[in-house]
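These protein sequence lines map, in sequence, to chains A and B. Under the numbering used here, the residue at position 201 of the first sequence is numbered 315, and the numbers go up by one with no gaps. Under the numbering used here, the residue at position 215 of the second sequence is numbered 219, and the numbers go up by one with no gaps.
Heads up, some of the hints might be wrong.
To be verified - Residues from chain B shown here face chain A by an in silico Cβ test under 7 angstroms; the list is partial:
#1 A41
#2 I105
#3 K270
#4 Q274
FYI, nobody ran anything at the bench for these hints, they're computed from the structure. Glycine included, every Cβ here is placed at the ideal spot set by N, Cα and C.
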Amino acid sequence: MKILVCIKQVPDSNKVEVDPVTGVLKRNGVESKMNPYDLYAIETALRIREEMGGSITVMTMGPGQAAGVIREAFAMGADEGVLISDRKFGGADVLATSYTLSQGIKLLGDFDLILCGKQTTDGDTAQVGPEVSECLGIPSVSNVCKIIELKQDAITVEMDMTHDIEIAKVQFPCLLCVDKDIFMPRLPSFLKKQATKDREIRVISLEQLEDKDEKHYGLNGSPTQVQRIFPPESNAHREQWSGSGTELGKRLYQTLLDLKFV
Amino acid sequence: MAKLVINQKLVGNIDELISICPFGAMENKNGELAINAACKMCKLCVKKGPKGAVEYVEEETAAIDKSLWKGIAVYVDHIDGAIHPVTYELIGKAKELAAKINHPVYAIMMGSKIKEESKELLHYPVYKVFLYDNKELDRFKIEPYTAVLEDFVKKQMPTAILMGATPVGRQLAPRLAARVKTGLTADCTILDINENTDLVQIRPAFGGNIMAQILTPNHRPQMATVRYKVMDAPRRSTDISGEIIECEIEQEKLASKIEVLDIIAKEKEQFIEAAEVLVVAGRGVKKEEDLALLKELADLLGGSLACTRPIMEAGWMEAKCQVGLSGRTVRPKLIITAGVSGSVQFAAGMNNSEHIIAINKDENAPIFKTAHYGLVGDLYEIIPELISQIKAGKGQWDNLPTNA
Ligand SMILES: Cc1cc2nc3c(=O)[nH]c(=O)nc-3n(C[C@H](O)[C@H](O)[C@H](O)COP(=O)(O)OP(=O)(O)OC[C@H]3O[C@@H](n4cnc5c(N)ncnc54)[C@H](O)[C@@H]3O)c2cc1C
Ligand SMILES: Nc1ncnc2c1ncn2[C@@H]1O[C@H](COP(=O)(O)O)[C@@H](O)[C@H]1O
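Can you build the whole structure from these sequences, using the hints too?
Laid out in structure tokens, this is it:
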């Protein structure tokens with residue numbers, strides 16, 4: 115079984131703020147880490163390999179330092195790593211990101227199963243997985259919370275639909291976006307980290323892709339454009355009360371009475 | 005085609021320019037400024053850097069003819085004909101947007117044996133309901149559902165499509181966007197429309213710490229998903245208007261490599277999204293047993309108990325009870341937070357609630373920026389008092405003669 119996992123490097127913290135005057139992002143350090151949701155996708159791949167045999171390739175699109183997350187995946191047990199990196203990929207929205215990933219995947223050859231995380235903590239759209247599957251023309255299932263059966267030609271999974279659980283059998287090749295909690299991700303192993311520290315990471319740039327048209331990548335290939343960013347507004351009307359607990363309790367009761375909640 | 009061009013002579017202090025980039029995409033390469041693959045094209049270096057140092061150079065791309073695309077369409081999310089209420093919220097928004105540009109509102113509904121149920125949409129009302137009723141569409145499967153939406157887009161050419169950010173919408177919308185090669189903005193919290201039919205999409209980014217305003221200026225249809233309870237639902241009218249148009253699609257487009265074997269209803273449970281009144285427990289609650297106090301208040305108000313992330317992480321309450329960005333978005337009529345600091349991630353999931361009351365000991369807690377009524381005090385004093393007041397009040401009513 116050939117498995118590919120899409121992983122992404124994200125900022126370590128979401129503590130960014132916009133300076134309300136200048137509109138500039140204030141960044142408090144740019145430490146990065148693996149998108150936490152992708153750990154579940156890697157763990158799922160490892161479990162499937164344990165059962166079915168085969169190999170796991172992890173792929174990320176990002177700047178050079180994104181290779182860090184590939185090393186982390188190696189330390190968890192992934193076999194191969196691919197970094198898709200080119201300045202021309204900068205400013206990519208969901209469509210351009212998905213298209214670039216799918217071009218990279220096509221270059222690597224046929225996979226039986228592609229796994230994505232539920233969402234990223236920076237882009238936070240949960241859209242890249244389904245768009246990659248469309249670009250590859252294969253079926254996809256999101257919100258996968260459990261694997262029920264694994265066969266040579268198909269996988270049966272549970273899809274969490276909020277009010278019910280749908281049990282779906284999907285033929286390979288296919289793409290699954292796995293939910294958090296499908297499996298508990300293992301910790302990277304120090305021994306594996308040591309053993310893989312010299313393992314080569316394949317780097318793919320635009321020239322190697324089948325479609326070399328710059329218009330399809332990065333900012334140029336992105337239909338959506340960010341016009342401006344601004345801080346979230348806080349509520350206009352507000353009252354602040356202080357007093358003893360008893361006073362406040364009574365006053366709150368009166369307010370709930372006025373608002374017709376009691 | 006657009007790119008950033010660096011004029012090394014105008015850069016001045018390289019390190020200063022490097023520090024402007026929030027993505028660490030600029031580096032000093034042997035004394036020259038270089039842009040690397042981390043660039044997100046946010047253009048801050050162009051705007052905030054020394055004049056002319058970094059230039060944004062754009063080549064004209066052929067503009068599409070926007071007048072060919074007409075109508076705002078809403079995808080009707082349903083299970084066996086039971087329409088998800090986010091659909092009505094989106095119809096309400098679509099009508100507001102459509103009125104500004106004088107476009108019609110469409111609904112698109114697909115499924116099997118849903119003709120009767122689709123009539124409900126005419127009470128809201130929409131101009132036209134495009135109905136695809138086919139036994140292959142019985143259950144959500146990504147390929148046939150995408151094929152139907154593609155068919156609809158090609159034939160009706162709507163300028164925008166709004167979809168609920170439900171488990172189905174979150175899979176179907178991106179699949180369609182990639183098929184028709186257009187932009188899709190996830191989880192919009194504000195939508196507006198420009199005269200030239202450009203949809204103004206506003207969504208939280210960076211975990212809700214900032215808001216981003218996004219346009220899809222040269223692609224149609226424009227696509228956006230919106231979470232349940234973010235927009236206002238319009239009133240259901242007893243009259244009906246509009247028409248249902250039954251559509252056909254080629255059988256071969258409905259094939260799927262997915263087989264739905266079974267659907268298991270989850271245990272019926274009170275979802276916090278459905279509650280009209282919520283009491284939220286934050287880390288100000290000292291012990292698991294103390295949750296009973298808040299639960300009692302919630303029960304007296306006919307509502308449910310919810311929590312912040314630390315309470316969920318402590319294992320005191322289930323993940324589905326957590327409010328916030330990584331939890332559920334709620335929009336009750338009344339929300340009372342107790343011992344909640346009011347982080348942006350929390351507030352992002354509840355700041356659309358109608359009445360927000362916050363109890364916190366710390367007068368500087370950020371929750372007071374979100375709350376309509378902020379009570380600076382100890383929840384362990386205020387809530388027992390409130391409970392006894394409510395109980396006493398209820399008693400009064402109960403004791404009234406029945407003819408009063
Ligand atoms: C990507 C990301 C996503 C996140 N998503 C969510 C999310 O979805 N939901 C969420 O809740 N959090 C989320 N968080 C975590 C969030 O940042 C906060 O850590 C969390 O909301 C804090 O919870 P709290 O208010 O209960 O606790 P605290 O911040 O510890 O606040 C406790 C408050 O209780 C007050 N207090 C203490 N004792 C009393 C008393 N006796 N009476 C009255 N007041 C008292 C204190 O003054 C304090 O303000 C997320 C974080 C990240 C990075
Ligand atoms: N740049 C990227 N490189 C590799 N995989 C990605 C990238 N961006 C997103 N993904 C994958 O798509 C999933 C959803 O991302 P998003 O749509 O950004 O929330 C992630 O969990 C990853 O599996």
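Outcome of the hint check:
1. A41: holds (4 angstroms)
2. I105: violated (18 angstroms)
3. K270: Hint holds; B:K270 Cβ to chain A Cβ min 6 angstroms, cut 7 angstroms.
4. Q274: violated (12 angstroms)
Comparing the model with each numbered hint stated earlier shows that hints 2, 4 do not hold.
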